[in-house]
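In terms of this note's numbering, the sequence shown is residues 102 to 500.
FYI, nobody ran anything at the bench for these hints, they're computed from the structure. Treat the hints loosely; a few may be bogus.
Said to hold, decoys possible - Straight-line distance between alpha carbons at most 25 Å, and here's what the computed SDA-like set of lysine to any residue pairs gives:
id, residue 1, residue 2
1, K158, T242
2, K285, L317
3, K285, N267
4, K158, C232
5, K479, K403
6, K479, I467
7, K164, G203
8, K410, K479
9, K403, I323
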Amino acid sequence: MDCNPESKLKFACISILEKMLIHGTETFLDPIDPAILDHQITWIRELPELLIALGDKHPSSSKVVLRLINHLGGSATVHPSFLLEYEGLKSPFQAFFSMSDGEGNICYGPFVRLPRDCQELSLACISQFSCADVPLLKAITKCCLCNDLDPNLLFRIIEVLGRAENIQIADRLGFFVTLLSHLKVIPENEPIEETQLKISSPRTLHKVTQIVCRCLSVMGDILLLLQLLEGIIVSQLQLKPDVENARALLQVICTLDSEPTRLSEENLAGLSDSLSSYLLDIVHRTPIGANETAESTVLLEKARFYYLKPCYFLFIRSRRLLTLVLNVMRSLVDDSSRICAIAELFLSMHKNADMRQTLSQFQQEIGSILLKASQENKMTLVERHKIQRALDQLSNLLS
102 MDCNPESKLK
112 FACISILEKM
122 LIHGTETFLD
132 PIDPAILDHQ
142 ITWIRELPEL
152 LIALGDKHPS
162 SSKVVLRLIN
172 HLGGSATVHP
182 SFLLEYEGLK
192 SPFQAFFSMS
202 DGEGNICYGP
212 FVRLPRDCQE
222 LSLACISQFS
232 CADVPLLKAI
242 TKCCLCNDLD
252 PNLLFRIIEV
262 LGRAENIQIA
272 DRLGFFVTLL
282 SHLKVIPENE
292 PIEETQLKIS
302 SPRTLHKVTQ
312 IVCRCLSVMG
322 DILLLLQLLE
332 GIIVSQLQLK
342 PDVENARALL
352 QVICTLDSEP
362 TRLSEENLAG
372 LSDSLSSYLL
382 DIVHRTPIGA
392 NETAESTVLL
402 EKARFYYLKP
412 CYFLFIRSRR
422 LLTLVLNVMR
432 SLVDDSSRIC
442 AIAELFLSMH
452 KNADMRQTLS
462 QFQQEIGSIL
472 LKASQENKMT
482 LVERHKIQRA
492 LDQLSNLLS
């Protein structure tokens, strides 16, 4: 096993070993001679190193090695010595996916660029472990955040790991939250580099969110999952992620929650501050100006509704949450841009029938915000006229 990984001799040896596993499992994995067992254990331990040495330039050889590892995992379950060795492959197998250098930079392994059949075999190998531990899961998670990863493979990884019984539920939940929080998204109206074309699309994150929610819906007790996740998600939202990522996290809460809300009082309070910032970010992200064409206005309104929709569900399910958010909004009335954004936000919310009915129960709180806004002195005459017009329009709708 010391020859160059590109050599035909090594490839031939691997092929023979694979055939021995496939066609002669009982004889091969049940050695009488301890010396034979020692040799077998030696080459088993070197398989991950060989796989990494092959890199992504020799996919046919990598495929044979991966297939061998996969067959070994399936066969070793009835042979304690080999099962122990197979479990020991988890640590060296991490570098096949990714690893970090001493400075915190991520070095992606061959997995990212190998052909799809090799990647599928890699996932099958993971499924053979009795328990996929956290370090291995972290290495795979880093691959999922790599811009070079094909979106379809990303979706496949989530589906496989999301349903993997050899991964503890808490670790799967952590995997989901990490993806939704850190998957980088570049708005579709901004130029992107060629290296960012694969998984940086908002549509990719939207699909990831759908798959995650689907996995959660079949994982077990929904209430228990909500209790496990709500605090983690609220903490992530308090870090003020990008609007796209925040929307994905809110969608998870909506999927697990019900009416009336089952969120704890502590998390409702934590959520209120994050939601206030998120709501104003939506308005700034989807500016609907007076000079917009009818077509662009429709597109912006659709985009705004997409981001607002999870909030609508949360507000309808919890009057307490909406009260807390309105209180935070009132404290934010301190400059013209925020006042305009708050007024525009209420106008957008009022266009939704369910939210219009809900907001009608909060006229006193909204009126207090409008009153404070109208008394703000740090504005030019033009700004005051613009804001007053928006406030008058909003007052008429709520009266």
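Structure-based check of all given hints:
Taken as a hint, the K158 and T242 pair is honoured in the structure, with Cα atoms around 23 Å apart against an allowance of 25 Å. About 22 Å separates the Cα atoms of K285 and L317, which keeps this hinted pair within 25 Å; it holds. For a cut-off of 25 Å, the pair hint linking K285 to N267 is broken: about 28 Å separates their Cα positions. The hinted pair formed by K158 and C232 fails the criterion: a straight-line CA distance of about 30 Å is larger than 25 Å.
About 33 Å separates the Cα atoms of K479 and K403, which puts this hinted pair outside 25 Å; it is violated. Of the pairs offered as hints, the one joining K479 and I467 holds, with about 21 Å between alpha carbons and a cut-off of 25 Å not exceeded. Restraint check for K164 and G203: the C-alpha separation of about 30 Å exceeds 25 Å, so the hint is violated. Distance hint between K410 and K479 is unfulfilled; the C-alpha atoms sit about 33 Å from each other, more than 25 Å.
Straight-line distance between C-alpha atoms of K403 and I323 comes to about 30 Å, which puts the hinted pair past the 25 Å bound.
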